[in-house]
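Enquirer: Residues per chain, in single letters:
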Amino acid sequence: MTLQPLGIVVGYLLLALGVGLLAYRVGDNDAEDFYLASRTLGTLVLLFTTFATLLSAFTFFGGPNLAYAAGPEWILVMGVMDGILFAVLWYVIGYRQWLIGRAREYVTLGEMLGDRFASPTLRALVAGVSLLWLFPYVMLQQMGAGEALRGLTSGAIPYWGGAALITVFMIAYVMLAGLRGVAWTDTLQGLFMLSVLWVAVVWVVNAAGGVGAATEGMVAANPDFAALGGGIYSPQFIISSAVTIAFGVTMFPQINQRFFVAKSATVLKRSFALWPVLVLLLFVPAFMLGAWAAGLPIEVPEGANVLSVLLAEYTPTWFAALVVAGAMAAMMSSSDSMLLSGSSYFTRDLYRPLVDPDASERREAWVARVGVAVFATLAFVASLSRPGTLIQVGDTAFSGFALLAPPVMVALYWDATTRDGMLVGIGVPQLLYLLHVLVPPVTVSAGGTTVALFARSYGGWDVALAFMLLGTALTVGVSVVSSPSFDEDAARFAVDGD
Amino acid sequence: MTRSVRDWLWVLVFAILITFSVPWFLWGSASVVAGLPVWLWWHVGWMCVASATFALFARTDWDRMMGADTAGGGEL
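Protein chains in written order, with the numbering used here: chain A, 1 to 498; chain B, 1 to 76.
Hints in this document: simulated from the structure, not taken from any laboratory. Please note that the accuracy of each hint is not assured.
[Claimed, not checked] Here are a few chain A residues that face chain B, going by a calculated C-beta distance under 7 Å:
#1 Met81
#2 Gly83
#3 Ile84
#4 Val88
#5 Phe272
#6 Ala273
#7 Leu280
[To be verified] Straight-line alpha carbon distances no greater than 20 Å define the calculated SDA-like cross-link-like pairs of lysine to any residue that follow:
#8 A/Lys263 with A/Glu105
#9 A/Lys263 with A/Val451
#10 A/Lys263 with B/Ala52
#11 A/Lys263 with A/Val92
#12 A/Lys263 with A/Ala103
#13 A/Lys263 with B/Ala55
#14 A/Lys263 with B/Met66
For each residue, glycine too, the CB sits at the ideal point set by N, CA and C.
Next comes chain A alone, as it looks inside the complex (with noise of 0.2 Å):
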């Protein structure tokens, strides 16, 4: 009986990889098919598609998790700040990126700034980083389709075998389809996934006797979890999070790619006003599952998704298993987008300027796959250790990509910027970040207080904000008193048509 939910799971997603190889069948076979679609994504599809990338496993379990243990302020974190924040950033480095590519047909971010600072390292270095900093959230969704998997079955199948499965999905996956058939298969999806909650918040809310008695019984449980603030919940929490997950989104390489990727500027225009809407309609109900699951007699074990649980108990075996099963086709599908712009930074910013500049297509894209199932296996491995919770383990990760957008944004707009800028600017932060994320915290006193070395937060803000300001200090003070190589071009970011 336990077993039955997996069938359901393994069914749903044999059928994304079929929607994900008609669609690969409809494109062309080449390089800017496989990894832009061509640049022909119209606005559903590329707001889904963008979308479907906050469908991860941080979002969809790990939200709900916390708001289970700490309360429902995660929609505001997640909702608005990240909904309007990340909105200004989608015009501010988005529609400049979009600009830009568009006249000098780039494919990655590291190939834009490479070009226009002429430095082949600056764009070793960006893809380096983006390539860091995907490991953790691939793992991450693994992480997750492990616990969803032992919440949905009672712990009939084990953290590592839910792992284990997303895994040899998503290779299977990238293998197959390139963007465009991720990006079809993202649209059913998103759809999908928001129809369902919905339906699962109806649910639940009806077994437990109405939307005002669900809150009414997490109140009970948690007199607290009602008022704005309170617990983990503190304003530089709150600043802390929003700002690093906006600004780190901006850079994940999936995103950035797709700000590559419009038909028009009208696709972006019309993404950009329905972002906030499409944001609310998503994290309200799933984040609110979580906080009424407080309020309702259900054990969660310890290591389980709440969603799962809370699911399994309150709706049909055959409705949560569909819920679950299309939380992970969806995690699946933004894995995949993650691992096919990752192995398109791999070797088009990697492989082929330092390894073999005459590798044929042939070779580059076999480089890029068996890259894709290395990297995905790796992150497995890493994955089965669970090094944190599914909200920490993300929040590394975007803080980490969240340092790279300062130097890039001074690039994108200020044409004295220089290559020695933006490799210092690059480069320090994210070595400092590093060292705070490997290197366990030592306190040490000086003159009578005590200092704590390589906290991953101070005084309750998170140390990567900190980064963040040198990120662009660095950028710009080296900018100026260095001069820009004889073969730097900022025309090349120009925007204005000259």
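Please build the complex by placing chain B on the supplied structure of chain A, with the hints as guidance.
Expert: Using the frame of chain A, we list chain B on its own:
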């Protein structure tokens, strides 16, 4: 590039949208209205306001703010 008053007004509008996306004035408030915390209702309303504002911006000053040539901007 010189910025007009209108540009700065948009900057102000965006700053307000971002700042009050968390209803700081409701900090600690646990009032529940129609079954949901009152700050959640603020969130719902604010996202709709943001969406409408973004739509207006996309329709009017989208290209002018970016300094892009209109030929490349496309139309809505």
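Enquirer: Now, for every hint given, state plainly whether the structure supports it.
Expert: Hints, one by one, checked against the model:
The closest approach between the C-beta of methionine 81 of chain A and any C-beta of chain B is roughly 6 Å, which is under the 7 Å cut-off, so the hint is satisfied. Contact between glycine 83 of chain A and chain B, as hinted, is supported at the beta carbon level, the nearest pair being about 6 Å apart and thus within 7 Å. Taken as an interface hint, isoleucine 84 of chain A checks out: its beta carbon lies about 5 Å from the nearest beta carbon of chain B, inside 7 Å. This hint holds: valine 88 of chain A has a C-beta 6 Å from the nearest C-beta of chain B, less than the 7 Å allowed.
At a threshold of 7 Å, the smallest CB-CB gap from phenylalanine 272 of chain A to chain B is about 5 Å, leaving the interface hint in force. Interface hint at alanine 273 of chain A: satisfied, since its Cβ lies 4 Å from the closest Cβ of chain B, which is below the 7 Å cut-off. A cut of 7 Å between beta carbons decides the hint on leucine 280 of chain A: the least distance to chain B is about 4 Å, and the hint holds. For the hint pairing lysine 263 of chain A with glutamate 105 of chain A, the CA-to-CA distance comes to about 13 Å; that is within 20 Å, so the pair holds.
Distance hint between lysine 263 of chain A and valine 451 of chain A is unfulfilled; the C-alpha atoms sit about 52 Å from each other, more than 20 Å. At roughly 23 Å between alpha-carbon atoms, lysine 263 of chain A and alanine 52 of chain B are farther apart than 20 Å, so this suggested pair is violated. Proposed proximity of lysine 263 of chain A and valine 92 of chain A is supported: the alpha carbons are some 18 Å apart, at most 20 Å. Using a Cα cut-off of 20 Å, the hinted pair lysine 263 of chain A and alanine 103 of chain A holds, with the two alpha carbons roughly 13 Å apart.
With a C-alpha separation of about 19 Å, the suggested pair lysine 263 of chain A and alanine 55 of chain B falls inside the 20 Å cut-off, and the hint holds. Restraint check: the Cα-Cα separation between lysine 263 of chain A and methionine 66 of chain B comes to about 19 Å, which is no more than 20 Å; the hinted pair holds.
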